[in-house]
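J.: Sequences and hints are given; from them, build the entire structure.
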Amino acid sequence: MMHEKSVTELAAGLRSGEFSSVELVEHYLERIERLDGELNSFITVTAEQAIEQARAADARIAAGDAGPVTGIPIAHKDIYCTNGVKTSCGSRMLDNFTAPYDANVVSRLRDAGAVMLGKTNMDEFAMGSTSESSFYGPVKNPWNTGRVPGGSSGGSAVAVAARLCAAATGTDTGGSIRQPASHCGITGLKPTYGRVSRYGMIAYASSLDQGGPMAQTAEDVAFLLQAMAGFDERDSTSSDTPVPDYSATLEDSIEGLKIGLPGEYFDAGLDEGVRKSVEEAVELYKSLGAEIREISLPNTGLAVASYYVVAPAECSSNLSRYDGVRFGHRCDDPVDLEDLYKRSRSEGFGAEVKRRIMIGTYVLSAGYYDAFYLKAQKIRQLISDDFRKAFEQVDVIMGPASPTTAVALGEMADDPVSMYLSDVYTVMTNMAGLPGISIPVAPVEGMPVGLQITGNYFDEARLLNIAHRFQQNSDWHRLMPEGV
Amino acid sequence: MQWETVIGLEIHAQLATRSKIFSGASTAYGAEPNTQACLVSLGMPGVLPVLNREVVRMAIMFGTAIDAELGRRNVFARKNYFYPDLPKGYQISQFELPIVGPGQVEISVDGESKTIGVTRAHLEEDAGKSLHEDFRGMTGIDLNRAGTPLLEIVSEPDMRSAKEAVAYARKIHQIVRYLGICDGNMQEGSFRCDANVSVKLKEHTEFGTRAELKNINSFRFLERAINFEVERQIDLIESGGKVVQETRLYDADKDETRSMRSKEEANDYRYFPDPDLLPVEISDAMIDDVKSALPEMPDMRRDRFESDFELSQQDAESLTASREMADYFETANAIAGDAKLTANWIMGELSAAMNREGRDIVTSPVTAELLGGMVRRIADKTISGKLAKDVFEAMWNGEGSADAIIEAKGLKQITDTGAIEAIVDEVLASNPQQVENYRNAPDDKKGKMIGFFVGQVMKMSKGKANPQQVNQLLREKL
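Taken in order, these protein sequences are the chains called A and B. With the numbering used here applied, the first sequence corresponds to residues 1 to 484, in that order. With the numbering used here applied, the second sequence corresponds to residues 485 to 962, in that order.
What the hints contain is simulated information worked out from the structure, not anything from laboratory work. Don't take every hint at face value.
Unchecked claim - In silico SDA-like links for lysine to any residue, alpha-carbon gap of 25 angstroms or less:
{"no.": "1", "chain 1": "B", "residue 1": "LYS563", "chain 2": "A", "residue 2": "ARG234"}
{"no.": "2", "chain 1": "A", "residue 1": "LYS375", "chain 2": "B", "residue 2": "ASP752"}
{"no.": "3", "chain 1": "B", "residue 1": "LYS698", "chain 2": "A", "residue 2": "LEU337"}
{"no.": "4", "chain 1": "A", "residue 1": "LYS375", "chain 2": "B", "residue 2": "PRO763"}
{"no.": "5", "chain 1": "B", "residue 1": "LYS613", "chain 2": "A", "residue 2": "HIS329"}
{"no.": "6", "chain 1": "A", "residue 1": "LYS375", "chain 2": "B", "residue 2": "LYS563"}
{"no.": "7", "chain 1": "A", "residue 1": "LYS342", "chain 2": "B", "residue 2": "TYR567"}
{"no.": "8", "chain 1": "B", "residue 1": "LYS775", "chain 2": "B", "residue 2": "GLN588"}
{"no.": "9", "chain 1": "A", "residue 1": "LYS378", "chain 2": "B", "residue 2": "ARG556"}
{"no.": "10", "chain 1": "A", "residue 1": "LYS375", "chain 2": "B", "residue 2": "PRO757"}
{"no.": "11", "chain 1": "A", "residue 1": "LYS378", "chain 2": "B", "residue 2": "ASP752"}
{"no.": "12", "chain 1": "A", "residue 1": "LYS375", "chain 2": "B", "residue 2": "ILE576"}
{"no.": "13", "chain 1": "A", "residue 1": "LYS375", "chain 2": "B", "residue 2": "ASN751"}
{"no.": "14", "chain 1": "A", "residue 1": "LYS375", "chain 2": "B", "residue 2": "LEU581"}
{"no.": "15", "chain 1": "B", "residue 1": "LYS563", "chain 2": "A", "residue 2": "GLU338"}
{"no.": "16", "chain 1": "A", "residue 1": "LYS378", "chain 2": "B", "residue 2": "GLU765"}
{"no.": "17", "chain 1": "A", "residue 1": "LYS342", "chain 2": "B", "residue 2": "HIS616"}
From a predicted model like this one, the values you see are computed outputs, not experimental measurements.
T.: Here's what the structure looks like:
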């Protein structure tokens, strides 16, 4: 079946004329129609535009002007602005918002010929680890629809896992690509901060947000990243470091690769099943010629607390623009300005967003700034130093992407702190601005588990190479949930 | 009781860039509402600021001109508050690390010089405008101005009178105009002054509670607003009241200040470094580059005018009041070759005509080239000073250059001794009685009596005879 194929395989099929992009798009649209009612991974399906884009892609393919993603049906997380298409960020606040421009990621992928099927569901404003806080309802995990898919890019992860699209974009502020990729059994990469432009990506926490690709395989992710990465003059924090050819080094040998295992990532909080799966994966790497070293990231214990100061601080400011004045939700019949602000924002934002705005406002307030925000920034520096020292000894760092497999729907709804704590292995990477990838390893009780590989700055090519070598020697990434 | 006034000014100078501080939208004044509001100006979801490097160069120019320390590492910070014309819900400004550190300027009031400290100057973006008219029960928002670059210049509380405050504001105005970094238009809001005013007993060292005066759009109003406020505060204290820290709006129509918001209602701005912008490092090379391209500043130019052109301090001060005026003088003088005469004409006839016709040095129909050409003809005695007034009038009316007008109207001075002598002889011959009287008069009366003959000669020559020559010939012949 077409939908079982990876991007690489689909691209070959398109080029050989086995099927057209239009046929492929129609096939996926039919699957979305049939399966997404329950999974709820899409907020918007752009069927008409998709067919149109597929026709253009077919013409490009016929003209011999096709790249590796030309004609490939993908989905964008609904955090990316898409010109003329509703861009909700999973929030009632932007339920009525049609973006007047394309995000840099969106225009780059379109220019590369990728076809957009629609916009995927997500935690409201990317704030959450379960994809339950969306205004459009929770996203269901296709491996077990009683479980969450992880978050915040849960819609993208589910759409890829359920083969409702060939690949998808996500964003990762504290693990929002890697953790849902882990919970859904797919491959997801968070690039180095600055590798992918944030222009048009609705901001949650600007110093941590980074866009990246999600797909079945590392090879697919490499093709997507190739199209997404690069300097953008409209994002001052985007990097002009040259973008290498990510697929060129996929097959490189990993003989002699030095892998660091931080003791802090395998502590008491880690589920035994997950630990076993991760250790098995590490064994496979050993058999491929890698050396394993015990390392320490001593400030791991401070990561969650400092992340939940920095990210809310930035979010409290970033979300101030949603005031009911120019766009987005506006309350009915405001009596005055204060009423307009209060009711528009109270009605427009959900509970988790409000919680983070309040935390952020508090930690930036006069008298608390030094004790919270400034201290968190200092810890951030300590975390970066931990990694710097670690990368003096090893090439990459491995560990679980999440301490457990996906939790049951509603399990964390009333317990934000335990949800925050489950981000422990992923937020470290964002605080330091490093790249990280999650790849599927042996499932536990039928639920997927992800191995997280963290690399040094701009070392995405190496991460993809290492992930690809694993996937050449395992089949976990080939597993599909039943019933899709 | 002897009261002393303490004033500090916060001046917002709009930097004269073509595009906004963090986007490519135009900064032109007066466009239809929201036609210069791009996605960034509107604070759309997902957009990001990108610094216009030109504003950094302009701020360095200002810092160099006031001899200030320059902040080598510049961090932009977010100042968070809600207001409908503030699209993002925060203003991008500078907080802990401003681009211009402590500096100072010299002012002069009633011939007394004084140094006023400049605490800092920082870059920030302007907000939009709320339009309360034209919308029944609603407020319109115009975001054309949102994102316009501003340099906020904060003084030390060094001024002790409204006059000093005005002199300081004028000095800053003169500097930014000389540098070409601000058009200085106060009506359009390109140069805005807020005044922090307090009063204290002269013998006290501690400052009183201050009020911040806003909405002042001319130097005249600045003086009035401060004077009103000082009186208000003194009256208040003397009648047993207490000044509260607050923001007060100046109402020019009523010539009064009134309370806008008190400190209790003040925002906690929750400043923090803007994560969307990288710190801007200022290198020695950038500073050297700016320094080498810096125009001559007003004080230096004034001193040079005094020494090079032998002008009085007052004349030099007037002629260097604006860069345009000083350029006008130098251009005209280069042609005229007589600095004193050129200066007199600019400050005399030209200024009078400009005042009368509502023109300024840039829009004057008599250009520096025209004026210089005319003064040259006075200096080389082609025309007399008296006839020059007619030439000036004609030039103002667009009749061409001085030479063309002199030619067309036959105004050329008669300097040929033979021709003047003929007229002198004729005058003497037709006034024998006056000649007789003159010759019999005592020496001390003669000086006055010769005026009669000069007048007759000038009349016969239609004013064209050279007066010095006429005088000399008359003395010889009488």
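J.: Each hint: holds or not?
T.: Checked hints:
1. Pair hint B/LYS563 plus A/ARG234 holds up; C-alpha atoms about 22 angstroms apart against a cutoff of 25 angstroms.
2. A hinted pair counts as satisfied when its Cα atoms are at most 25 angstroms apart, and A/LYS375 with B/ASP752 qualifies at roughly 20 angstroms.
3. Proposed proximity of B/LYS698 and A/LEU337 is supported: the alpha carbons are some 22 angstroms apart, at most 25 angstroms.
4. Restraint check for A/LYS375 and B/PRO763: the C-alpha separation of about 20 angstroms stays at or below 25 angstroms, so the hint holds.
5. Between B/LYS613 and A/HIS329 the CA atoms are separated by roughly 22 angstroms; this keeps the pair inside 25 angstroms, and the hint holds.
6. With a C-alpha separation of about 20 angstroms, the suggested pair A/LYS375 and B/LYS563 falls inside the 25 angstroms cut-off, and the hint holds.
7. Among the hinted pairs, A/LYS342 with B/TYR567 is consistent with the structure: their alpha-carbon atoms are about 13 angstroms apart, no more than 25 angstroms.
8. Our distance criterion of 25 angstroms between C-alpha atoms is met by B/LYS775 and B/GLN588, whose separation comes to about 17 angstroms.
9. For the suggested pair A/LYS378 and B/ARG556, the alpha carbons sit about 22 angstroms apart, so the restraint of at most 25 angstroms is met.
10. Pair hint A/LYS375 plus B/PRO757 holds up; C-alpha atoms about 14 angstroms apart against a cutoff of 25 angstroms.
11. Between A/LYS378 and B/ASP752 the CA atoms are separated by roughly 23 angstroms; this keeps the pair inside 25 angstroms, and the hint holds.
12. This hinted pair checks out: A/LYS375 and B/ILE576 have alpha carbons roughly 23 angstroms apart, not beyond 25 angstroms.
13. For a cut-off of 25 angstroms, the pair hint linking A/LYS375 to B/ASN751 stands: about 23 angstroms separates their Cα positions.
14. Among the hinted pairs, A/LYS375 with B/LEU581 is consistent with the structure: their alpha-carbon atoms are about 19 angstroms apart, no more than 25 angstroms.
15. Restraint check for B/LYS563 and A/GLU338: satisfied, since their Cα atoms lie roughly 19 angstroms apart, inside the 25 angstroms limit.
16. For the suggested pair A/LYS378 and B/GLU765, the alpha carbons sit about 22 angstroms apart, so the restraint of at most 25 angstroms is met.
17. Restraint check: the Cα-Cα separation between A/LYS342 and B/HIS616 comes to about 21 angstroms, which is no more than 25 angstroms; the hinted pair holds.
In this structure, none of the earlier numbered hints is contradicted; all agree with it.
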